[in-house]
Amino acid sequence: MSANIRPSGVFDTRYEQDLIINRTRFDQVLSALFTLAIFAAPLLTREGIFGVDIVPLGAIGTIQRIGIFMIAVQGLNLLVGYTGQISLGQAAFMAVGAYTTAALMRELGMTFWVALPLGALFTGAVGLFFGLPSLRVKGFYLAMATLAAQFIIPWLLRNPLAPLTNGSRPLEVPNVTLGGWQLNDLAIYYLIITITFLAMIAARNIIRTRTGRAFVSIRDNDLAAELLGINVFAYKLRAFFLCALYAGLAGGLLAIESGSITPTRFELGNSIEYLAMLIIGGAGFPQAAFFGVGFVMILKEAVIPGITPFLRDFLPQALPFIDAISISASLTPTLFGLTLILFLIFEPHGLAHRWEILKIQWKLRPFSH
Amino acid sequence: MGKRHLNLLLVGSLILALVAFALPAVNAQEGGAIQHTECEEDLTGETILFHTFGDLSGPYAAITQPLAAGFTDAIAYFNEQGGICGAQIEMVSDDTGGDQEVTQSLYDRYSTSDPKPLMLLLYSSADAELLREQAAEDEIPIMLFAGSTTGLYGESADEPGWVFAAIPLYTDQFGAFCDWVAASWADMGMEGDPAIGHLSWEGSFGRSTETPETTAYCESVGVSVVGGEYFLPTATDVTAQIQGLVDAGANILFTTSLGTGPALIAADLVNLGLEDQVMLAGVNWVLDTSVGLLGQRTLRPDGMPSTDGVYGLLPYVWWDEEHPGTQLVQEQFDANERSPLSRNVAYLAGFGAIDQYIEAVIQTVNRVGYENLSGAALYETLNDFEYDALGGVFHYSFTPERRAQNLTRIGILTYLTDDSGAPVIVEVGGNPMMIPLIAPVTDEVMTTPDLRPGGADVPDM
Chain B
1 MSANIRPSGV FDTRYEQDLI INRTRFDQVL SALFTLAIFA APLLTREGIF
51 GVDIVPLGAI GTIQRIGIFM IAVQGLNLLV GYTGQISLGQ AAFMAVGAYT
101 TAALMRELGM TFWVALPLGA LFTGAVGLFF GLPSLRVKGF YLAMATLAAQ
151 FIIPWLLRNP LAPLTNGSRP LEVPNVTLGG WQLNDLAIYY LIITITFLAM
201 IAARNIIRTR TGRAFVSIRD NDLAAELLGI NVFAYKLRAF FLCALYAGLA
251 GGLLAIESGS ITPTRFELGN SIEYLAMLII GGAGFPQAAF FGVGFVMILK
301 EAVIPGITPF LRDFLPQALP FIDAISISAS LTPTLFGLTL ILFLIFEPHG
351 LAHRWEILKI QWKLRPFSH
Chain X
1001 MGKRHLNLLL VGSLILALVA FALPAVNAQE GGAIQHTECE EDLTGETILF
1051 HTFGDLSGPY AAITQPLAAG FTDAIAYFNE QGGICGAQIE MVSDDTGGDQ
1101 EVTQSLYDRY STSDPKPLML LLYSSADAEL LREQAAEDEI PIMLFAGSTT
1151 GLYGESADEP GWVFAAIPLY TDQFGAFCDW VAASWADMGM EGDPAIGHLS
1201 WEGSFGRSTE TPETTAYCES VGVSVVGGEY FLPTATDVTA QIQGLVDAGA
1251 NILFTTSLGT GPALIAADLV NLGLEDQVML AGVNWVLDTS VGLLGQRTLR
1301 PDGMPSTDGV YGLLPYVWWD EEHPGTQLVQ EQFDANERSP LSRNVAYLAG
1351 FGAIDQYIEA VIQTVNRVGY ENLSGAALYE TLNDFEYDAL GGVFHYSFTP
1401 ERRAQNLTRI GILTYLTDDS GAPVIVEVGG NPMMIPLIAP VTDEVMTTPD
1451 LRPGGADVPD M
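Read top to bottom, the protein sequences are chains B and X. Using the working numbering, read the first sequence as starting at 1 and increasing by one per residue. Using the working numbering, read the second sequence as starting at 1001 and increasing by one per residue.
The hints are simulated quantities; they were obtained by calculation from the structure and are not laboratory data. Where a beta carbon is used, it is the ideal one built from N, C-alpha and C, also for glycine. Mixed in with the good hints, there may be bad ones.
Said to hold, decoys possible - Beta-carbon label-pair distances, calculated as ranges: (1) B:361 - X:1372: 33 to 41 Å; (2) X:1459 - B:179: 23 to 31 Å; (3) B:322 - X:1431: 43 to 51 Å; (4) X:1277 - B:161: 33 to 41 Å; (5) B:321 - X:1212: 43 to 51 Å.
All chains, full assembly: derive it from the sequences and hints.
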């Protein structure tokens, strides 16, 4: 599986070319337009400075959450997609990041700008601890070992750490300030989007470093990697650290986005959902987080609410055992599960792989790739 | 026990409405139970939206599924009666499935819709706690069918916000229960001094009653609290938790859960053979048809369901009491051919909420005019609001300092029996079913203590 498929015969001829992330004019233009659209989105709502109603106001929150979950899923991509390890504890790691960021701001009076990176680093350290079983076990057994994080961390947050976390009750997160000014919703949006862009670029670059190539070699054949002189265990731990660090970053951002946190936002179901987003996006591709999170979130927050009114009129008449009011909540898990199955069968490499193929088909038209 | 039988006799005849729901309902005077403020503006031709979302298919489903039916029937009924000053009411609703991400997403969609909701009706503590600050920022008042201290008053418990509760706070309900236990213990024939163990759902809702303030208050009135055990709504066995609390000295288990939660505890008490030694009680949601139906899966040695004799708080008038408001709802229930399984608190609450919404909107329109009707204007109305929904089935009373109700009675869940004391069994949908009854055991309405952190009734700790 390649992270950047190019047609046969297309080579880089200069070192600078090899360093470029977006290698073709098409990619560069597309990236620039996309970035511009994301940054302009809040200005094009009815409450934006232009007063136009091109972007629905409700979509701004969705874009923010897509950004946050992209960071969490990109972390998972580094571990699962590139290193071939598995983790079922990403939501728990997000909880660590969220609660650490909030606790540092509340208890020690730190500013968000210090608390967020410290929270992410601490989460990375927690990830290291839960990565230790990867020395001995792999595959299904490693998944079970990481599942422990999903049980232990929420229990710690609810019980022994309750004086810091409020236990099961919500923990209010202080407002983010900059130079004495409290950031408003628009500023929070730009903050989240900027951090998301930086996290995506960092992940893309990590993969191109010695560490990233070691990750890939471990994924492809850990025995061969060891014979090549790669310290497999050390690199696996680095992957767990990075995965958890990204989750901690996402958790910290989620905390400030919603203003309060409870352990119920970081449950096993969320961890599984992030893994599913990665599979749908295309594990092992740098765009996996973008495609996977974008697809699932748009399905959940735009497509399903969009078709629900029609289904509410139609379905209960066609199938009387269906309750009209629960259609929306029933559709989400049903379509989500169905999508996952269909992707595993028909598009196991995910949307990012399909995107690469489409680009090649375009370049090679009228010939088949 | 004498009082219990007396209450059963009082309500028994009315309960036959449930047994034979197809029979003609008691004829309530149409609109007689409900007295809205007179409209000063004619809104005929207008449409006023009513927004609500919550968990209709997750852990709360047992109790909330009929809520949607209640809203639908209530809106149809009130629209037929003229709506709000002639304006028709239209419901906008969604199901979160108990997922907080969905709650946030739905809130974003609702709060940015044009026009913005005048009010949101929610029924989960966790949802209210999540949205408390956002709703205040967006100036959307929330009416909550839950008693979350944090949701209403914030983490510091002294910042009344934009969330208003239709029932007493869970902390205050627990305090009222301790008051009642302290006063009635001698007559109950139980051994030892009263000692309560909390056995509730994990989460904001479940943990809401076990606080240092409630423990101090209960101990100050002579009821000890031995501690708490928590289980997930998906749990199928709580025998270890029960045994742990009983070993710690509990002879009363108090649960802050609903639907399957109290039914599971009651069943496991029977499985452990502790049903005669340990009393089961809970917050108001324990006194619900769903618990009465689920409790029939496990029978005690005397043939009665495990949930027979469960105590709870009763801050509203129950279906079977002779009240024009409940008779009106029963009439609509029958007219809409609803299943007997929907005859629960949520259906009642659906009617009560719509009635309250109409009154709040009328008062606001009278004050600011229809053109200026907004969430902020409605909030001002609710800040000083007194209304008996459905003529007194639900009591709404808010002040700038108080966001929840503080009146309740103690009630009991039991089952209809014949003269020999055997349970009456009817067929519903081809299945045998005992008839759950909910009856007050205290005649007087009691004022709940204020047990928020720093509350007026919190003893020195």
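So, going through the hints one by one against the coordinates:
1. B:361 - X:1372: 33 to 41 Å: Distance hint for residue 361 of chain B, residue 1372 of chain X is violated at roughly 58 Å.
2. X:1459 - B:179: 23 to 31 Å: Violated, since residue 1459 of chain X and residue 179 of chain B (Cβ atoms, about 46 Å apart) do not stay within the stated range.
3. B:322 - X:1431: 43 to 51 Å: Taking Cβ atoms as reference, residue 322 of chain B and residue 1431 of chain X lie about 22 Å apart, which means the hint is violated.
4. X:1277 - B:161: 33 to 41 Å: holds, 35 Å
5. B:321 - X:1212: 43 to 51 Å: holds, 48 Å
In this structure, the hints that do not hold are numbers 1, 2 and 3, in rising order.
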